[in-house]
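Novice: Chain residues, written in single-letter form:
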Amino acid sequence: MVKKLQEDMLKLGVCYYPEHWPEELWEEDFKRMKELGFTYVRVGEFAWTIFEPEEGTFSFDLFDRAVAKAHEYGLKVFMGTPTATPPAWLTHKYPEVLNVSQDGISYQHGARRHYNYNSETYKRLSSIIVTEMAKHYKDNPAIAGWQIDNELNCEIDAFYSEADHTAFREWAKKKYKTLDKLNQTWGTVFWNQTYTSWDQVYLTRKTVPNSPNPHHMLDEKRFISDSAISFAKLQADILRLHAPNQWVTTNGMFKHLDNHKMTNELLDFYAYDSYPNFGRVIEDDSEKPLRDRKWSWNLSIVRSISPNFAIFEQQSGPGGWVTRLEQPSPKPGQLRLWTYQSIAHGADIVMYFRWRTATKGTEIYWHGINDYHNLPNRRVNEVEQVSKEIHQIGEKVAGSSYKAEVALVTSYDNEWDGEFDKWVGPYAAKSNDLWIKAFQYNHVPADAVYLRNETTIDELKKYKALVYPHAAIVTKQQADLFREYVNQGGKIIFGCRSGYKDETGQTYMKAFPGYLADLVGVTVEEFTRVAPYEEIPRINFKGENELEANDFNEVLHPQYDVDVISTYTNTHFEGKPALVKRTHGAGTSYYFGGVFNLKLASLLIDELQLNNYKDQFDLPEKIELAIRSKVGNDYVFLLNYADTTQKIVVKRKMRDAITGNIISNKVTMQPFDVLVLEED
Amino acid sequence: MVKKLQEDMLKLGVCYYPEHWPEELWEEDFKRMKELGFTYVRVGEFAWTIFEPEEGTFSFDLFDRAVAKAHEYGLKVFMGTPTATPPAWLTHKYPEVLNVSQDGISYQHGARRHYNYNSETYKRLSSIIVTEMAKHYKDNPAIAGWQIDNELNCEIDAFYSEADHTAFREWAKKKYKTLDKLNQTWGTVFWNQTYTSWDQVYLTRKTVPNSPNPHHMLDEKRFISDSAISFAKLQADILRLHAPNQWVTTNGMFKHLDNHKMTNELLDFYAYDSYPNFGRVIEDDSEKPLRDRKWSWNLSIVRSISPNFAIFEQQSGPGGWVTRLEQPSPKPGQLRLWTYQSIAHGADIVMYFRWRTATKGTEIYWHGINDYHNLPNRRVNEVEQVSKEIHQIGEKVAGSSYKAEVALVTSYDNEWDGEFDKWVGPYAAKSNDLWIKAFQYNHVPADAVYLRNETTIDELKKYKALVYPHAAIVTKQQADLFREYVNQGGKIIFGCRSGYKDETGQTYMKAFPGYLADLVGVTVEEFTRVAPYEEIPRINFKGENELEANDFNEVLHPQYDVDVISTYTNTHFEGKPALVKRTHGAGTSYYFGGVFNLKLASLLIDELQLNNYKDQFDLPEKIELAIRSKVGNDYVFLLNYADTTQKIVVKRKMRDAITGNIISNKVTMQPFDVLVLEED
Amino acid sequence: MVKKLQEDMLKLGVCYYPEHWPEELWEEDFKRMKELGFTYVRVGEFAWTIFEPEEGTFSFDLFDRAVAKAHEYGLKVFMGTPTATPPAWLTHKYPEVLNVSQDGISYQHGARRHYNYNSETYKRLSSIIVTEMAKHYKDNPAIAGWQIDNELNCEIDAFYSEADHTAFREWAKKKYKTLDKLNQTWGTVFWNQTYTSWDQVYLTRKTVPNSPNPHHMLDEKRFISDSAISFAKLQADILRLHAPNQWVTTNGMFKHLDNHKMTNELLDFYAYDSYPNFGRVIEDDSEKPLRDRKWSWNLSIVRSISPNFAIFEQQSGPGGWVTRLEQPSPKPGQLRLWTYQSIAHGADIVMYFRWRTATKGTEIYWHGINDYHNLPNRRVNEVEQVSKEIHQIGEKVAGSSYKAEVALVTSYDNEWDGEFDKWVGPYAAKSNDLWIKAFQYNHVPADAVYLRNETTIDELKKYKALVYPHAAIVTKQQADLFREYVNQGGKIIFGCRSGYKDETGQTYMKAFPGYLADLVGVTVEEFTRVAPYEEIPRINFKGENELEANDFNEVLHPQYDVDVISTYTNTHFEGKPALVKRTHGAGTSYYFGGVFNLKLASLLIDELQLNNYKDQFDLPEKIELAIRSKVGNDYVFLLNYADTTQKIVVKRKMRDAITGNIISNKVTMQPFDVLVLEED
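Chains as they are written, first to last, in full-length UniProt numbering: chain X, 1 to 680; chain R, 1 to 680; chain H, 1 to 680.
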């Protein structure tokens, strides 16, 4: 049933809101899109009241005219189902569809996602509008496919309506069958939380002092994800039934949603909304922040969901809401850079958000490529340049794959458990960020791996090395998989706080790191958070390079033959092992009893002998290296995130795939410039 | 109907709470007030339960005795209507009168303003008590006038009771007639907010994530203002009917209330409650904060409402509540200084808040001129000194007008829109603060102008120059008015983010600055917020004086003949125009594509050749200069806000109006000292 | 009826949760406890659903088996009544038992203390379970006694359910008899808060802007305390009735609870839960923070409640919840140090919390002495060492008394009033903290005195000196008591803001410091908070030692013969008295018109000639000195809170009570080490 995204050419497009603009502008707008070389237009995702102005009355005229006009200019349309923003008549008549805060206060009409996924009423009314739209547009040649809802779980990712509580109770019954099993799983014997009747079971509610049961909270996240997927499935099934030849996708990527599962089960491909400009304003007091370049990692996660994917919303200009989010304008070259960032990581379709800045509503500062008026501007020109370049490289790059020999591992379980677990979540966030930077600054292309029950040894064996910084929850099955991976020659790195929890979020009655102990060859003898007002422990690395071991420290107790790579060099831990290496079958495991930093991760990248392409290029830190490969041909993307020129060295003759020029030896890249190189 | 404040003498007074104190103290208190030279006493504003101990039962005995006793000592009384604090019996019996938070939680008895303006019940009960009081006191010769309620919109300025939602719906119906018009005005097509029935329309409610529709929020502020005025009108009409010979006023000044409209339509004059001591404790990380001197600007706004006004509450000592607000004691001289600050800006009546510090309740730390006891203290002595001085200058100064040849322009629309609009409100607040400082430190007396539909060219022509820093909302009518003002010889300065919004808060489909473009001669080519972690742009001024251009930058595109005064000197904007000047008819316009700072404003004050009286005085920055003028005589107020002596030079012979001494050449002003000079 | 704690030996124990662990572990666990020399086990406090799995059905099997097994290994059991965590069936069936936020939102099942003390339903169901348990265990020889509930008022100390409002109304009726008296006491004439019917009276509710009546808030705290005590009494009475030979206690110590009253009226002794490790992570920007050593002061307060007391929960390892509270592991020696800290201050029983770290629930990071597994660890070893040492000193120390000749005075009234009173509460907190430090760093053992109506001159006369830093509320009776204390030779020190309030929290109509004026010989002439952005006043001390006088300044006006010890040295207060001394009868009073700092407190300690044992020891600041004394024998505890070695000098021969070694002259104490010295 499911079709993968399979474009023979990189394609561009744009989001458009015909309902916002005087109809007399449409023609000029679509004509200009065609001139810009666009293929796709997305429409409709916030237009329920246009389609159904009152309950049961449907009207497709406005969008029919808009779609026909777009088609006249050769554009293909992605149609959004409009369920992200219910009509005023709907929430007013059926207040039970509203989402509710944990405190019991309803969210009301006036913004987005004020509905809940589990209301039978909302599901019924959503089915009706989606069915009507699908039946109406199924044979329209202008329609390429469908976007389900818009940004599921964006803006809010927790739901506490009565319908959610009820659905959660059913979900729990189905999962646990008996209350006894639920009680064990949630550890309810602690603090006398034992449930003796199913009607006592709710989603988490207001507690003293805002500390619900952690195992319950973990299940709540799983339930939210299942609810969102179930809501998407309701729509996907309708669209498949009525419009089997049109693509079905949705756009993301937001929290409390297993996008891998959703994509595997429901979608043809996954679409991402990429706004790297957030990186320029979000406070980030970490070492050498990546800023907009951090979005490369988001794109790596998207790639793990859908190897070739679409960008449904690519940042087009300054961004923000009237009430919050305050982004500067992209500098000359940045829109182009960010488009190539998406392509370098696997995007085959890129649609800009949006054609023209809205003149009304909360998003009057989320600028489109055009300003409020229709006067020429620099951003449109920059997009036009990208469009022309893509005509040079688009056929070659489309359908190619990103090359990586290392992956950073995580799991939804650990991400969701880590959200509230102050004893591991913040460490995982920090180490992940750190490893991402280490890969970027050392020019090591890297993938993301989300560990799932279905994950096979073959999926892991693609990688020479895996890094799983703080794998708190590790099941026996996962530990076995890692052991097999290493036995077969893989290298794997773990940090502190690994392996001590099972999939319920309860701790094992085992020495840390639980089922990983024999793989890494040590147990943990002593451990501590770093005390905020006391001396910070330090470690060496192979006897040199003294490093701070901030945040958390474990003293390792070798149980098998291990090489001690680092020991502590001060405090009462002095001389005790902090980082060990163990040979296991054909491979190697590393266990570090701490939270990673940039220096240590860089040392470990050398230790792992990961390919950083130093034989081919000399690249400054500010340049990202990414490679897409197809039938043996590599397309090397070099992206300059700096607002200064950067000197690089290409150590052999290569061809600039955009200009066709031969490139070799010293090259100066302009601020925000991009090179796509191929073999000469 | 309306009487203007017309005093033949500056007058002092004090707020008194006879209900708080043992009756045996009254005589001594009033006697001492008389000795201090006081004219007025304000009473009654929190005494509803005294007047109406149970519904429908009225009792005036206590206040009758107090008023008679005050009158015995020659004092005149301002009587407060007691509606700011409903009785416990009222809110308990009629909970529908309570104000409600946006989340739907009622505010309860125990503080102030826990009622809403739109409850029919509250309006009915308020009418009854005000009618009873008016009828009772209308012929009492001791009663000078009435204060309606107390500090409307103080403590809380948002109201979400059921009565408010209902009244808002009616307000919107009356304003928009059709839902179609309302939908257009609020831009509801965005995010599918279209209303299809009036019963779907509410005040803003809880949204995900606290971002209601901005045009709706702007109308909500207008509605709150109209509600407060309507509530005041209910009382004003009763007072006019029954007590036509007594003054009607109210005291302020608080947010979400068009005080100009209220005063024009309902009051004889406006009264202000002046607490400059807040300036000593409020965190202010701006350049050279004005501290207590900032209250001079508040007084300028009050003057724009009511050219001669009263101070109903003049700070009397240390201030604060038991639970918050923590002010130090005024230093010796500060109470006197602040009294003269009020007078210098147009106050003809000054009443101190309050006679004696409360011994009970939330305000036991809002000190009166007397402490808890009746022992002598320094503050009473200081007030006595002021009283004596006023006998020297009071007749001359009473009824005179503040002299200013420049005004800082704003509008309620822009203030209210800017409250939630992060892309202009904070800039407006910053630039306003900055210009106020520049005027103060350069000794340029300045007025405030609130632009209204009724504003005429004659009102503007009084000023040689206008500064409207970030006039986001500019209607065509306003743009025409400014053009005419400049044509006739005026000078006007705008900053970035001007002219791009209409009165709904929607953006024009025009190049910035919208209808102002031909007046200022440029459109905006590029614009950006300043990125927080990147290089800050700089500009020159006439080729020199390099200045930071923080917060926001626009690159200006000259469309007509303009002088480029400033260009950017770094970043990719280098060499592009940032500040231009255009001659238009007999006048000149300036447009600066940024947010102002103190240095730039000072340079522009020179450029505008505003009178800073340098030919008459040499004044250090710490001294404020203010001039009140009557029938050709100027009274020059020099106010020393420093706790150190300041050396000034008076360049010709003048007379100290208080002492009668001749002043000339070098004079040393003591800490917090005041000079009032007149022509010899 | 009440039995005092009377142990012939110091005793150790541990908290255990048999319901958490597989029954097959119990035997091994109890056996190991016995090997560790433990006497006591606490169980049962969170096990209501185990005891009563459905309403009216009781089951004691699990705990019977566990108690029997513990007894088999010689352990004695403290049984907790399980009312801190109601069963899910209870709160689901009877939602009226739930606690409610001030905003009216119920706290729900899922954590702790989500019930209210005043629900008749909850009281009924609590009586039933406690009765059943008491009847079941009254003759069980393994049961030493009972812990009522668990940590009353922990996690939340405010209650606003309907039952609380109703009970408060009754409480107020009983206290005030007439509304007139209530209105006077709460000063309701201010802001028109007068109550005209009892049904208008509630606990404080949501007000604009979160500022309820302060006298009402003070009564609310008294009511909460009375409610908690009344709830404890309900249980104590049942336990006394059925199990008259078993101890009755509870564990604390939390806010809004008069623990002295509760202990005097209901308990055999008071138990404290001591977690000094919080001191290592809590932000403390004061001078030289005490960190974990601050817990010595908590223990001093416990001692004022119960001269010999028990520790029911002594920190056992790293601590925290999954969702918050993030403590490092204790360093080697710290668990031992903290155990001795408890003993030095009067604990005769110390139970560790807990045997083994929970593997599930919110507290999986509140580590026990054992980790999740049963493998050996350093913490168990450390506890074993303590146990052995206690066999050496236990008989000598048990039942002995802490020796102090100075006390820091406070009262519940002032603590509760100061919670919301920004004009005295923060100063009291700061000065208290400061004096505690001054006593610690100067090695002056000090007691806490909570002033009560019952406090007698004899209780005070035990002390050579009293320090009552900011005694805002001072009744005439208390002033008389202090005068008598000084007359009889005592020394007393007051700071600013003393004596100006009566017991309702209203201010006297008297010059400060009210009824204390003749005792201290001055009134206050001027006063001010220190302005945050202005020059900070300074004072000298006997003409030298210039000190900052931060926070608040009073200028003192001598009314009687006083010695001026300090005058201000700058600002407009220059030369005015700031600190005076007055001889009164055989004693001396001191009044300082400011907030204390460490230097001034140290100077005053010298001035008061308090015994700091300099003739017996030379001690660095990092060492705490505490002395327990019994029948003429002193046991000197020296506690090293530093993670570095400390050099001390013992100036005469003493015996190390643990090792039996003779100690004299220079001794080096290891990090976190403890010495217990006795006369040779």
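There may be inaccurate statements among the hints.
Copies of the same chain look alike in the list, so a pair counts if it works inside one copy or between any two.
[Unchecked claim] Lysine-lysine pairs mimicking DSS-like chemistry, simulated, CA-CA at most 30 Å apart: (1) 288 <-> 647; (2) 422 <-> 255; (3) 614 <-> 666; (4) 430 <-> 331; (5) 93 <-> 288; (6) 396 <-> 599; (7) 138 <-> 69; (8) 388 <-> 177; (9) 288 <-> 69; (10) 174 <-> 464; (11) 647 <-> 233; (12) 422 <-> 288; (13) 599 <-> 123; (14) 181 <-> 93; (15) 510 <-> 388; (16) 576 <-> 331; (17) 135 <-> 622; (18) 510 <-> 331; (19) 647 <-> 138; (20) 331 <-> 581; (21) 4 <-> 622; (22) 581 <-> 422; (23) 464 <-> 181; (24) 542 <-> 331; (25) 294 <-> 388; (26) 4 <-> 93.
Note that these hints are calculated values from the structure, not bench results.
Novice: All hints, please: hold or fail.
Specialist: Hints, one by one, checked against the model:
1. Taking the closest pair of Cα atoms, residue 288 and residue 647 come within 30 Å of each other only inside a single copy of the chain (20 Å); across copies the shortest separation is 44 Å, beyond that limit.
2. Taking identical chains as interchangeable, the C-alpha atoms of residue 422 and residue 255 lie at most 30 Å apart whether they share a chain (18 Å) or sit on different chains (26 Å).
3. In the homo-oligomer, the alpha carbons of residue 614 and residue 666 lie at most 30 Å apart inside one protomer (14 Å), although the nearest pairing across protomers, at 63 Å, exceeds that limit.
4. For the homomeric pair residue 430 and residue 331, the shortest alpha-carbon distances inside one copy (29 Å) and between copies (25 Å) are both at most 30 Å.
5. For the homomeric pair residue 93 and residue 288, neither the shortest alpha-carbon distance inside one copy (52 Å) nor that between copies (55 Å) is at most 30 Å.
6. Proximity of residue 396 and residue 599 under a CA criterion of 30 Å is satisfied in neither setting, with 37 Å inside one chain copy and 56 Å between copies.
7. In this assembly of identical chains, residue 138 and residue 69 lie within 30 Å of each other by CA distance solely inside one copy; the values are 18 Å within and 73 Å between copies.
8. In this homomeric assembly, residue 388 and residue 177 never come within 30 Å of each other (Cα to Cα): the closest approach is 59 Å inside a single copy and 51 Å across copies.
9. When the C-alpha separation of residue 288 and residue 69 is checked against a cutoff of 30 Å, the pair qualifies neither within a copy, at 48 Å, nor between copies, at 59 Å.
10. In the homo-oligomer, the alpha carbons of residue 174 and residue 464 never lie at most 30 Å apart, since the shortest distance is 40 Å inside one protomer and 71 Å across protomers.
11. In the homo-oligomer, the alpha carbons of residue 647 and residue 233 never lie at most 30 Å apart, since the shortest distance is 50 Å inside one protomer and 73 Å across protomers.
12. Taking identical chains as interchangeable, the C-alpha atoms of residue 422 and residue 288 lie at most 30 Å apart whether they share a chain (24 Å) or sit on different chains (28 Å).
13. For a Cα distance limit of 30 Å, the shortest separation of residue 599 from residue 123 qualifies neither inside one copy, at 51 Å, nor across copies, at 61 Å.
14. In this assembly of identical chains, residue 181 and residue 93 lie within 30 Å of each other by CA distance solely across copies; the values are 23 Å between and 40 Å within a copy.
15. When the C-alpha separation of residue 510 and residue 388 is checked against a cutoff of 30 Å, the pair qualifies only between copies, where the shortest distance is 29 Å, while the shortest distance within a copy is 61 Å.
16. With identical chains, the CA atoms of residue 576 and residue 331 are at most 30 Å apart between copies only, with a shortest distance of 15 Å across copies and 50 Å within one.
17. For the homomeric pair residue 135 and residue 622, neither the shortest alpha-carbon distance inside one copy (50 Å) nor that between copies (76 Å) is at most 30 Å.
18. Taking the closest pair of Cα atoms, residue 510 and residue 331 come within 30 Å of each other only across two copies (23 Å); inside a single copy the shortest separation is 54 Å, beyond that limit.
19. For a Cα distance limit of 30 Å, the shortest separation of residue 647 from residue 138 qualifies neither inside one copy, at 52 Å, nor across copies, at 85 Å.
20. Only between protomers do residue 331 and residue 581 lie at most 30 Å apart by alpha-carbon distance; the minimum there is 27 Å, versus 46 Å within a single protomer.
21. Taking the shortest alpha-carbon separations for residue 4 and residue 622, neither the intra-copy value of 34 Å nor the inter-copy value of 69 Å comes in at or below 30 Å.
22. Only within a single protomer do residue 581 and residue 422 lie at most 30 Å apart by alpha-carbon distance; the minimum there is 28 Å, versus 52 Å between protomers.
23. When the C-alpha separation of residue 464 and residue 181 is checked against a cutoff of 30 Å, the pair qualifies neither within a copy, at 40 Å, nor between copies, at 64 Å.
24. Taking identical chains as interchangeable, the C-alpha atoms of residue 542 and residue 331 lie at most 30 Å apart only when they sit on different chains, with a minimum of 27 Å there against 44 Å within one chain.
25. For a Cα distance limit of 30 Å, the shortest separation of residue 294 from residue 388 inside one copy, 27 Å, qualifies, whereas the shortest one across copies, 57 Å, does not.
26. Taking the shortest alpha-carbon separations for residue 4 and residue 93, neither the intra-copy value of 40 Å nor the inter-copy value of 53 Å comes in at or below 30 Å.
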